[in-house]
Amino acid sequence: MAEPKDMITVQDLHLYYGQQEALRGVTIDFRRNEITAVIGPSGCGKSTLLKTINRLNDLVPDVTVTGTVKLNGQDIYAPNMDAVELRKEVGMLFQQPNPFPFSIYDNVIYGLRISGEKRKNVLDEAVERSLKAAAIWDEVKDRLHDNAMSLSGGQQQRICIARVLATQPKVILMDEPTSALDPISSSEIERTMLKLKDDYSIVIVTRNMQQASRISDRTAFFLAGELIEYGPTRDIFMQPQKKETEDYISGRFG
Amino acid sequence: MKNDDIRASLLKRSRAAKNERFGKILTGLCILIIITVVVAIFYFVASKGLATFFTDKVNLWKFLTGTIWNPGTTDAQGNPQVGALPMIVGSFGVTFLAAIVATPFAIGAAVFMTEISPKVGRKVLQPVIELLVGIPSVVYGFIGLSVVVPFVRRTFGGSGFGILSGTFVLFVMILPTVTSMTIDALNSVPRNYREASLALGATRWQTIYKVVLRASTSGIITAVVFGMSRAFGEALAVQMVIGNAMLLPSNLISPASTLTSVLTMGMGNSVMGSLSNNALWSLALLLLIMPLIFNIIIRKIAKKGAMR
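Line order of the protein sequences matches chains D and V.
First residue of the first sequence: 1, per the working numbering; consecutive thereafter.
First residue of the second sequence: 1001, per the working numbering; consecutive thereafter.
Careful: at least some of the hints might be erroneous.
What the hints assert, rightly or not - Capping the alpha-carbon separation at 30 Å, the derived lysine-lysine pairs in DSS-like fashion look like this:
#, chain 1, residue 1, chain 2, residue 2
1, V, Lys1304, D, Lys118
2, D, Lys120, V, Lys1012
3, V, Lys1210, D, Lys170
4, D, Lys118, V, Lys1300
What the hints assert, rightly or not - Simulated coverage check for chain V against chain D, where a stretch passes if three residues somewhere in it have a Cβ under 8 Å from a Cβ of chain D:
#, segment
5, 1188-1194
6, 1208-1220
7, 1275-1281
In case anyone wonders, no lab produced these hints; they're calculated from the structure.
Just so you know, even glycine gets a beta-carbon here, dropped at the ideal spot from N, CA and C.
Okay, chain V solo, but in the shape it has when bound:
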């Protein structure tokens, strides 16, 4: 080849470079579409949800702390009755209780699967956990309705519907998520920490308790917060067992409601643009913001974990 030919071929964009550019554009486009969709959802929910406060002039504080939810009517002063506190309490109640119940089980199962018997863990428990993740929430709700609710009714009295039943159902639902993330956290603890601990004369239990769990604390907290975020957003299964009474729950077995259950029940029965519809969007906005806060917490924890 003559020098001119070489120069010409170098100056021309090669086939590989063209391919690379095509790939860049294609993947970039996908990202762009996803971002657009997310932003559009946020904008839509926010514009509807904020209308309650800007168009209908509902006080934000009263919305968050009011205990009576009856958007169609007004109280003595003529303010619409849109107090979301019962649902907020219900949502946080089931979420935190489910997380508190699920965490020890998840840590126990994860320790068994990673430290004590990885063989049985991989062969038996791993498929079980994957199966649990795959069960649709309506099935969980149905089981909750026909098993958990009667059980709670017989054991603790009341109707059986309430936060306690919701907790039990959510506990089973978030357990696989929290467990598998805890397993990842434990597996990411380097093997040589365990060796060092054992070589210093620690028992297996001491090694698990004092080194493995301690070194993976941030990962475990992330797993729990992730599970909470899932529990907070779960609608169907909770709705089936919680009783759906828009009352501030006085105890764990009195019927209550969550943000999600009110949404699924009320959305079809209100007219777009009306106050009762906007108030529901405000609840949706709240549901959108909470996982965001959970995510920020997760990132903070992960950052702190990475620094160590």
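So here's chain D without its partners, still in its complex pose:
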């Protein structure tokens, strides 16, 4: 089966929190094995868009979603779609590093354990593979059974990346993953992301324009729940077509 070029296709997506419209008809495609950056001022709906892709918005009361979101051609809002299974395919990284207050080992294998994996050799192997992929293996390999909360913020975030990678998702959503971290930790996370690109499709929401221009292949600019401009990152930053985009990336507002 030939895999379509687009991992995620979003069509005419509207999302309402109660009466308030947070996304106003968004149509956008996210490509396979690329990093797509979503930028825009606070409250423009970029995090909301991210959470429609793994249906984490389902947890918020009074949310209405119309339009379609397809993952690998499968409509994820179809009535027979299991949100729990979907989230195993679509991992998510949050703004605040949020490891569980358990050991590093228990954190990484959490996703596998809840899927019923009990074989020790499989779990051990997954821990090593995931921590290596998240570029933190060398720092923690001798203390896998220490509490993950004892690590620094940047290390915690990479543990969270490893935790996502352990379940081998197809897509990783990142909601401002470095905004709570110092510059050195941030650049470590960015390096990790660039390595992950070969195996995963990544969508990252960020308010850091330099970060978007450094790491992403394509950039989408959102304003007030609408997609204003979308294209190769180079074009968005060098030759924006719309005035709003130019104003935003040159720092005139937001």
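Model the placement of chain V on the given structure of chain D, informed by the hints.
Below, chain V without anything else, positioned relative to chain D:
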């Protein structure tokens, strides 16, 4: 203003500073009074309670392990019969059993109220729990006497009075305390743990079971120990249903007694300074020390929880 005036005003104690000092003294005084009262109570109970061992020369070990409580009389060797073991067993029996029965219910109710249906929880269950806390213990005891005791008698035989009935009554009494503290423990689990778990493809139940309950274990244990401390000190309601026989309980439905029930029944009938009075004070001392131990356990757990 001239420089001298400014200097003078700076050197003088300001109105705000005076107010602050007044507040400090006032609050400090309150603390001092409370501490004095607590120390006085401890001193009084200890001096009376220890008199049994120092003045009346009762062996501490015999006091704790003796099974016959009859302070007015002496045994063949001429030692006073003040064996507190039946009451100690009774007190710990009802306390632990009530805690064991109440814990699953409390955790279940707390999980429902925080994780599954916070709306119904806040609107319906929260007021119910608050109401349960407010009911005086004599009412619980009365219900126990007229409902629980006959129920136990019909179902399990015997007189109906005993540790089992005490357990049921205490279970209802400590349930609201344990539940509301467990709710606090569950609510203190950060929201982002839940989000992280769900985003990893966990079901709601898996999230509750593997993350929320695990992360709040120390808080839940604290809640249970707190409930036990309450159960241990409860006198009236237990006294009404336990049967008040100073015998080592042989099973859960034979009449027994607790430290508190013996105290409330015996205090009025003994003369200050006599051995039987001092022996009661020794029981009171025991009752005072046990919550202290429970408190130390709670602090240890809380410390361990904070470290994680």
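Against the structure, the hints come out as follows:
1. Lys1304/V - Lys118/D: With Cα atoms ~29 Å apart, Lys1304/V and Lys118/D stay inside 30 Å; holds.
2. Lys120/D - Lys1012/V: violated, 74 Å
3. Lys1210/V - Lys170/D: Holds - the C-alpha atoms of Lys170/D and Lys1210/V are around 25 Å apart, at most 30 Å.
4. Lys118/D - Lys1300/V: violated, 33 Å
5. 1188-1194: With 3 residues in contact (Cβ-Cβ under 8 Å with chain D), the coverage given for the segment 1188-1194 of chain V holds.
6. 1208-1220: Three-residue rule met by the segment 1208-1220 of chain V, so holds; n is 4.
7. 1275-1281: Three-residue rule not met by the segment 1275-1281 of chain V, so violated; n is 0.
In summary, the numbered hints that this structure violates are 2, 4, 7.
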